[in-house]
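Q: The residues making up each chain are set out below.
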Amino acid sequence: MYEKNGEKYFVVDAHMHFWDASRENWVQGREEYAKGWIDCFYGYHQLAPPETHWDWEHYLKVSEEDLMKDVFEDGHVDKAIFQSTYLKYWYKDGFNTVEQNGSLLEKHPDKFIVNGRWDPRDGDAGIHQLEEDARRWNLKGVKLYTAEWHENGSRGWKLTDTESYRFLEKCQELGITNIHAHKGPTIWPLNKDGFSMEDVDQAATDFQGLNFIIEHAGIPRIDDFAYMAVQEPNVYAGCSVVIGALMHARPKFFAKVMGELLFWVGEDRLTFGSDYNIWTPQWQIEGFVDWQMPDDEAFSDYPRPTTATKKKILGINAAKLYGLDVPAECQIPTTAGEKMEPGEELVKDIAGAQA
Amino acid sequence: MIVRDAVWQALETVLDPELDEPITDLDFVASCTVAGDGVATVRLRLPTFFCAPNFSFLMVADAYDAVSAVEGVTRAAIVLEDHHASREINGGVAAHAGFAQTFEGEAVADLAELRRYFLEKAVVAGQDRVARPLADAGVGPEGLAELTLGSAPDSPALDRLRQRRAALGLPDDDDAPLLIHPDGSRVSAAQVPLHLRRAQLTRLGIETNGEFCKSFLKTRYADTAGIV
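First to last, the protein sequences are chains A and B.
Note that the working numbering numbers the first sequence so that position 91 is 84, with each residue one more than the last.
Note that the working numbering numbers the second sequence so that position 201 is 1196, with each residue one more than the last.
Honestly, the hints are just simulated from the structure, not real lab data.
Do not take every clue at face value.
Claimed, not checked - Here are the simulated EDC-like cross-link-like pairs (lysine to aspartate or glutamate), alpha carbons at most 16 angstroms apart as the crow flies:
#1 LYS151(A) with ASP103(A)
#2 LYS245(A) with GLU1206(B)
#3 LYS1213(B) with ASP32(A)
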């Protein structure tokens, strides 16, 4: 829990990792991919305040003690959701598998939620694995990375692939309702834009019983994402990377991106994620609670976040998705009056360039 | 003109298709030399090892075409460095193979459609760049809907918008409306608010990506990258 100026915030870190990018885990002959991947992440890490930077060696793999201290002791987080990411094409034992993450859940059952994963290219074996993981870890969500390379030579897949729909149906059947999707660059066919949101749009329409949390708010296609999300009530924006990469390093861009997300997607469908250990949660949470939309004219089109907005984004929205109890002192006092739905201004034609 | 300068000018016409900025401004050109026999060697570098191969291919291929056309250049050698698909892309471009052939089995077409998709975004974003200052200065939806390219104040943003529209075959003459739909038709006064709201978001998306790319390049090539 985080407390500031008498307000208490229940914090759900809805997107974080316990990864192993150490040299021992690099697949022989594919070392340059393993190194290239973590170097990319390290580039993101540099966008944090300098006093929170780690050296590259530490960044490769943190210990359990590091994680518990960074996330819970210093980091204000009440509940952390592991987003399992495999990348076994270049990390021998996986980047952070359900088992790796689950080992921490078993030691600290009140602190974590473990999300599973699936890959439609794994076929029947993948379905069986998903069933087993769902039973063992009581899965309520999965992380999907569409640009994952596969041993069959494929360098990506789409949510709308026939096999993918089999897995989405299986998720519905197993009560895995939270689908965290992250678009990456390489995907079949390679001549199309791999970051395109079209398949998310289609899948969200076809699976109304599932929630689609689009990590990093669809960056680098935040525009396509926002136009889509305004029309799909079961689509959420995961704010990991938005806060971590922009709030400190590019504050004006951060304000605009948050402003657009609040306008198009709305404060009820945004969730916080620290993306640990790309970044630590402490500075992100403290900074976000202190943050306000600039008074400058250039930002006057955007909604101004309230304490309630921040409480929702930092924990209450994710708590709803995962059925977590929010302590009474962190709840938002109910207010009279109907709130405006995102996009309503557009329908009423009052949005835009009010000069 | 010295051939090396002409080669550099040619490289200034090569855009990152996704960011809609010249690769020279983005500091993607690591080195550029012309040997005595007229062979121009250009080394390109990108912000990450995993930058999308389709955009990367377009930049290498466009650089190849632009440099090859420079008078005094007998051969262009374009080398993309430090990228997961360097080998395929460099080989494919040198062999004039096209994207679909270079990535046979992984791609079903060349990249004209992809290029067009991002040019369309650039045209949307460009309308915000030109219209936003006018809206801020008090021009209302009716006034904005009536504006033409010829009546909008001159600016680099306006020149850039005309170029992108021309590349797409959209009207770019003085009488053409400033605010247009993707098919080139005029945006009505009633449609202006939503049109600009979307244009603002499209521009923000492109520019935010640009900020990321510049940051990553600076980190990756900390010793040599000059951009701030």
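Q: The structure should be examined with respect to each hint, and the outcome stated for every one.
A: Structure-based check of each hint:
1. LYS151(A) with ASP103(A): violated, 34 angstroms
2. LYS245(A) with GLU1206(B): Satisfied, since the Cα-Cα distance of roughly 11 angstroms is no more than 16 angstroms.
3. LYS1213(B) with ASP32(A): holds, 13 angstroms
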